[in-house]
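Enquirer: Sequences are here, hints too, so could you generate the full structure?
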Amino acid sequence: MTSPAFTTRGLTKVYGEGHTAVHALRGVDLEIPRGEVVVLLGPSGSGKSTLLNILGGLDRATDGTALFHDTNLSEMTDRQLTRFRRDHVGFVFQFYNLMPSLTARENVELVTEIAQAPLDAGDALALVGLADRADHFPAQLSGGEQQRVAIARAIAKQPQVLFCDEPTGALDSQTGRTVLKVLQDVNDQLGSTILMVTHAAHTAKMADRVIHFADGAIREVVLNATKLNPEEIAW
Amino acid sequence: MSPLDHKLLRDLWRMKGQGAAIGAVIGVGVMLMVMMTGLTVSLTETRAAYYDRYRLADVFASVARAPDRMADRVALLPGVAAVESRIVGRALIEVPGEALGIQAQAVSLPERGRPDLNDIYLTDGRMLDGSRADDVIVLESFAKAHALLPGDSLRATMNGSRRTFRIIGLAQSPEFLYTTAPGEMVPDDARFGVIWMSRSSLAATYDLDGAFNDLLIGLTRDARQDAVITAVDDLLDPFGGRGAYGREDQASNRFVSEEISGLEAAAKGVPPIFLAVAAFLLYIVMSRMVQSEREEIGLMKAFGYTNAEVGAHYFKMILAIAAGGALAGCLAGIAAGRMMIGMYLIYFKFPFLVFQLDPASFVIGVSASILAASAGGLFVLRRVFALDPAAAMRPPAPANYVRAGQMGRTLARRLDQPSRMVLRRILRQPARMAGAMIGIATGMALSVSMITIYAGFDRTIDLTFSVVDRSDATVSFTHPVSDKTLFELGRLPGVTHVEGMRHVPVVFENGRNSFRGVLTGLPPDPRLNRALDADMAPIPLPERGIVLSVYIAQTLDLRPGDMVRIDLREGRQPILEVPVAGIAQTLLGSPAYMDLSALNALLGEPGRVTSAALTLDPVRAEAVYAELRDMPTVVGVSVKAQAHDAFVEIMDTGAGSVRYVMGAMAFIITFGIVYNAARIAFAERERDLASLRVIGFTSGEAAFVLLGELAVVVFVALPLGGVLGYYLSFGIAAGFSTELYQIPALFDPVSYGSAMLVVLGAAFVSGLLVVRDLNRSDLVEALKRRE
Numbered sequence: 001m002t003s004p005a006f007t008t009r010g011l012t013k014v015y016g017e018g019h020t021a022v023h024a025l026r027g028v029d030l031e032i033p034r035g036e037v038v039v040l041l042g043p044s045g046s047g048k049s050t051l052l053n054i055l056g057g058l059d060r061a062t063d064g065t066a067l068f069h070d071t072n073l074s075e076m077t078d079r080q081l082t083r084f085r086r087d088h089v090g091f092v093f094q095f096y097n098l099m100p101s102l103t104a105r106e107n108v109e110l111v112t113e114i115a116q117a118p119l120d121a122g123d124a125l126a127l128v129g130l131a132d133r134a135d136h137f138p139a140q141l142s143g144g145e146q147q148r149v150a151i152a153r154a155i156a157k158q159p160q161v162l163f164c165d166e167p168t169g170a171l172d173s174q175t176g177r178t179v180l181k182v183l184q185d186v187n188d189q190l191g192s193t194i195l196m197v198t199h200a201a202h203t204a205k206m207a208d209r210v211i212h213f214a215d216g217a218i219r220e221v222v223l224n225a226t227k228l229n230p231e232e233i234a235w
Numbered sequence: 001m002s003p004l005d006h007k008l009l010r011d012l013w014r015m016k017g018q019g020a021a022i023g024a025v026i027g028v029g030v031m032l033m034v035m036m037t038g039l040t041v042s043l044t045e046t047r048a049a050y051y052d053r054y055r056l057a058d059v060f061a062s063v064a065r066a067p068d069r070m071a072d073r074v075a076l077l078p079g080v081a082a083v084e085s086r087i088v089g090r091a092l093i094e095v096p097g098e099a100l101g102i103q104a105q106a107v108s109l110p111e112r113g114r115p116d117l118n119d120i121y122l123t124d125g126r127m128l129d130g131s132r133a134d135d136v137i138v139l140e141s142f143a144k145a146h147a148l149l150p151g152d153s154l155r156a157t158m159n160g161s162r163r164t165f166r167i168i169g170l171a172q173s174p175e176f177l178y179t180t181a182p183g184e185m186v187p188d189d190a191r192f193g194v195i196w197m198s199r200s201s202l203a204a205t206y207d208l209d210g211a212f213n214d215l216l217i218g219l220t221r222d223a224r225q226d227a228v229i230t231a232v233d234d235l236l237d238p239f240g241g242r243g244a245y246g247r248e249d250q251a252s253n254r255f256v257s258e259e260i261s262g263l264e265a266a267a268k269g270v271p272p273i274f275l276a277v278a279a280f281l282l283y284i285v286m287s288r289m290v291q292s293e294r295e296e297i298g299l300m301k302a303f304g305y306t307n308a309e310v311g312a313h314y315f316k317m318i319l320a321i322a323a324g325g326a327l328a329g330c331l332a333g334i335a336a337g338r339m340m341i342g343m344y345l346i347y348f349k350f351p352f353l354v355f356q357l358d359p360a361s362f363v364i365g366v367s368a369s370i371l372a373a374s375a376g377g378l379f380v381l382r383r384v385f386a387l388d389p390a391a392a393m394r395p396p397a398p399a400n401y402v403r404a405g406q407m408g409r410t411l412a413r414r415l416d417q418p419s420r421m422v423l424r425r426i427l428r429q430p431a432r433m434a435g436a437m438i439g440i441a442t443g444m445a446l447s448v449s450m451i452t453i454y455a456g457f458d459r460t461i462d463l464t465f466s467v468v469d470r471s472d473a474t475v476s477f478t479h480p481v482s483d484k485t486l487f488e489l490g491r492l493p494g495v496t497h498v499e500g501m502r503h504v505p506v507v508f509e510n511g512r513n514s515f516r517g518v519l520t521g522l523p524p525d526p527r528l529n530r531a532l533d534a535d536m537a538p539i540p541l542p543e544r545g546i547v548l549s550v551y552i553a554q555t556l557d558l559r560p561g562d563m564v565r566i567d568l569r570e571g572r573q574p575i576l577e578v579p580v581a582g583i584a585q586t587l588l589g590s591p592a593y594m595d596l597s598a599l600n601a602l603l604g605e606p607g608r609v610t611s612a613a614l615t616l617d618p619v620r621a622e623a624v625y626a627e628l629r630d631m632p633t634v635v636g637v638s639v640k641a642q643a644h645d646a647f648v649e650i651m652d653t654g655a656g657s658v659r660y661v662m663g664a665m666a667f668i669i670t671f672g673i674v675y676n677a678a679r680i681a682f683a684e685r686e687r688d689l690a691s692l693r694v695i696g697f698t699s700g701e702a703a704f705v706l707l708g709e710l711a712v713v714v715f716v717a718l719p720l721g722g723v724l725g726y727y728l729s730f731g732i733a734a735g736f737s738t739e740l741y742q743i744p745a746l747f748d749p750v751s752y753g754s755a756m757l758v759v760l761g762a763a764f765v766s767g768l769l770v771v772r773d774l775n776r777s778d779l780v781e782a783l784k785r786r787e
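So the protein sequences, as listed, match chains A and B.
If you're matching positions, the first sequence starts at 1 in our numbering and goes up one per residue.
If you're matching positions, the second sequence starts at 1 in our numbering and goes up one per residue.
I should point out that these hints are in silico values taken from the structure, not numbers from a laboratory.
Since we're looking at a predicted model, the values are computed, not measured.
A few of these clues could be false.
Unchecked claim - Computed from the model, here is a short list of chain B residues facing chain A with C-beta under 7 Å: (1) A81; (2) N400; (3) Y401; (4) V402; (5) R403; (6) G405; (7) D416; (8) Q417; (9) L427; (10) D688; (11) S691; (12) G696; (13) T698; (14) G700; (15) V780.
What the hints assert, rightly or not - Covered stretches of chain A (chain B as the covering partner; in silico rule of three or more C-beta atoms under 8 Å from a C-beta of chain B): (16) 84 to 91; (17) 99 to 105.
What the hints assert, rightly or not - Here are a few chain A residues that face chain B, going by a calculated C-beta distance under 8 Å: (18) L58; (19) D59; (20) L110; (21) V111; (22) E113; (23) P138.
All C-beta atoms, glycine included, are put in the ideal place defined by N, C-alpha and C.
Expert: Put into structure tokens, the structure is as follows:
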């Protein structure tokens, strides 16, 4: 059996020192199998984003280990973490984080230019249903469209893992559903593991696995027997 | 305290670094202004008090020999308040350890009591009391330069006879703040002395019993100086009058005035540059701040704060920075002024000091800073007013690049995405980019012009001491001697070449303008002292006509071919009109040249010279000096190497030394502008850069997007700054030029290269600092921010 996408043991993150120290993660043990859609659910401040950032190579744990396949992320240098993000990981954020000076296609090409086995930028945009908006600048796109460009940019490198931090947080329900649908399609067609942070419980219905977070620790892991298609989710 | 004021204090604390940097630029401007106006006011006042207390004459007249009664005649002229007749003569002082005698001026004092005019300030010893003929008082600066003290003896040759004197006192004099040996350009304490002795003793030495050869005149308050001068000239002409002149033409005072006006020009010219830069920086920083606080602004407006209240909040911040900088500048200016004035006290040799600050400079400094800062701030406030609360509360839409995307399409197609980002950002905000370019170009221009000035100073020294004057030493004679003396000099072992010259005091006139100077007669095809044109080619001296230095030609508004009236103040004192045959490029002094034989013919004294330029075999130079010292007709020898050193010292300690301060300021401003441009570019793109890092760009690749923009701006700014600097250097060179020396604005490629290196260096260091911040910036934090 292949190793899980991520394995963590005793993962701890502390911000600050002494009296003012904040424990964002208090020893998290977790396994995320490859190819699953995993939703991290919990109130704000529960540590779910911290976990996502550490697994995504944006932040470092104070203690414990985090393995990507068989590689220990905790032992990587900054340069290696950059390499890891560049080669294996895609990110989607709440506020899209597109380059305003580049068109939709160029935003995707930003990634395909440096990736090892990228999709064609046009194909990536077609995958999110924006083939006809490829030459528009972010200023000319709606919020949902911008988020789909961000997803296209994230998947264009064919990442093994796709991290999404509140991807529908800034969107209305209909647009949110479209975005989730795109993520589902990516999971189906590219087989990428998807790790999604949200505090919106309904999103959990499309996941294979839901991890409930509270006070920096896992409270419960629920396996969904029946995944819902995002279009069927009641918002 | 209102909540807004709390916010104000916290914001100021948060932006303390940038605020302090801008405040410092304002502060430096105000400091320079307060310090320099304080210095000029103090120096002017001190000089006035000194002249007043020691009764410096208003009009000076020199004459060959006039009977004492003529002084009484002058005293009766309308407008004349006081008259002091005296005897002055040349002396050659022997100083142990110096192969050469040192030229000095012997000046008579009354047998007892104080002179009515041109009193001296005794710093050591006692006054003359008429008891001994060999008592002398020596100018303090000269005595110090040669470690002479009261009680020492002093050997000097006067009017051909060698005498031994006893030093009884040291003194300073308002008449001799600066002492320059006859025939030399540059003041030098060590190489020209003044000795005061009793009138009777000097009269005996120079056969002037019952007569005088120098007359000092004090004027009444309402006197017309011109009328007095004309009347004095009429009275003294029959006795060999050399022409009376006012205090403004007195050598020492002329030099002090040049120095003070140099400071004055700098006090007026430099601070505005700083204030303009500060206004520009404030505008950039504040507009960035308003942009990032648009939500807060919207919120305040939504709560019901009026535009005026919100505007006032930001305006207070501008005021706080401007006023803080200006106040710090005032304090620093007072401190620096007090320190500098001590140095100037030594430099100008004032016996006391009236330290005065100009209250106007505080008022002007503070209000100009606030005005400049407000000008920068007003543009920002316009944007605060324009913000609509509802729109401000929504996150801003992504910056619109549609138009920028249309531009440069063909170019963009050849570029990768990061380069496109650089290109489009520049195209999208051409005004802001132009602002940054102009800022950096200004820094470049300042550096170019200052480094050009450095090169100009070097050029002046080089041209004067190696191109115009190629001699090793110049010998001055006691009186116009026969040119046979030149053969005598030429026969001395060690002298390799001799050229005779004749210096005649002269007044040049063109219409209402006049200039008192010296006319130099040069032999045909001279090799040592030459009149050179702008291309450094020798100008042949015609049989009729004179060659003027650029400074005289400009002062009198004369061009080649024009006629100039010359009034020779020697011998039979002819006055005549001669054509200007050429303009000589000289950078030290303001000479005028004429063919030696033609000049002698005008004076009716053929075959005469007053000085000789020599080249020497360096090995035998000391032996030559010893021989020269024993020649009775030699009154002094000036060694070029010493003159060179004295000149360099004058340029490095007086108003000329300001160039080092200004050079340092130019570098600081250049760096400040470049660094600020980089910082702001970073602040505006922090989120984009973090996004790039997150999607897998290395910090180097992300830095390219940031530094690429800076690089483009800098590379466009370089040639622009070069052009600006070219024009600026003319203004600055003119500001640094004095009557004593002129500083050329050269097009010196090395200066431009160096300035370019300064800017590139500043850009490189700024880039490193910003990239360091980029590497340190917390990716997660940067992403969370909504912009």
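Enquirer: Does each hint hold? Answer for all of them.
Expert: Comparing the hints with the structure gives:
1. A81: violated (80 Å)
2. N400: holds (4 Å)
3. Y401: Holds - the Cβ of Y401/B comes within 7 Å of chain A, reaching about 5 Å at its closest.
4. V402: With a closest approach of 5 Å, the V402/B hint holds.
5. R403: violated (10 Å)
6. G405: holds (6 Å)
7. D416: Since chain A brings a Cβ to about 6 Å from D416/B, closer than 7 Å, the hint holds.
8. Q417: holds (4 Å)
9. L427: violated (9 Å)
10. D688: holds (6 Å)
11. S691: With a minimum Cβ separation of about 4 Å from chain A (threshold 7 Å), the hint on S691/B holds.
12. G696: holds (3 Å)
13. T698: This hint holds: T698/B lies near chain A, its Cβ roughly 5 Å from the closest one there, short of 7 Å.
14. G700: violated (10 Å)
15. V780: holds (5 Å)
16. 84 to 91: holds (count 6)
17. 99 to 105: With 5 residues closer than 8 Å to chain B, the region 99 to 105 of chain A meets the three-residue bar; holds.
18. L58: For L58/A, the interface hint holds, since the closest Cβ of chain B sits about 5 Å away, which is under 8 Å.
19. D59: holds (6 Å)
20. L110: holds (4 Å)
21. V111: holds (6 Å)
22. E113: holds (6 Å)
23. P138: Holds: closest Cβ of chain B sits about 4 Å from P138/A, inside 8 Å.
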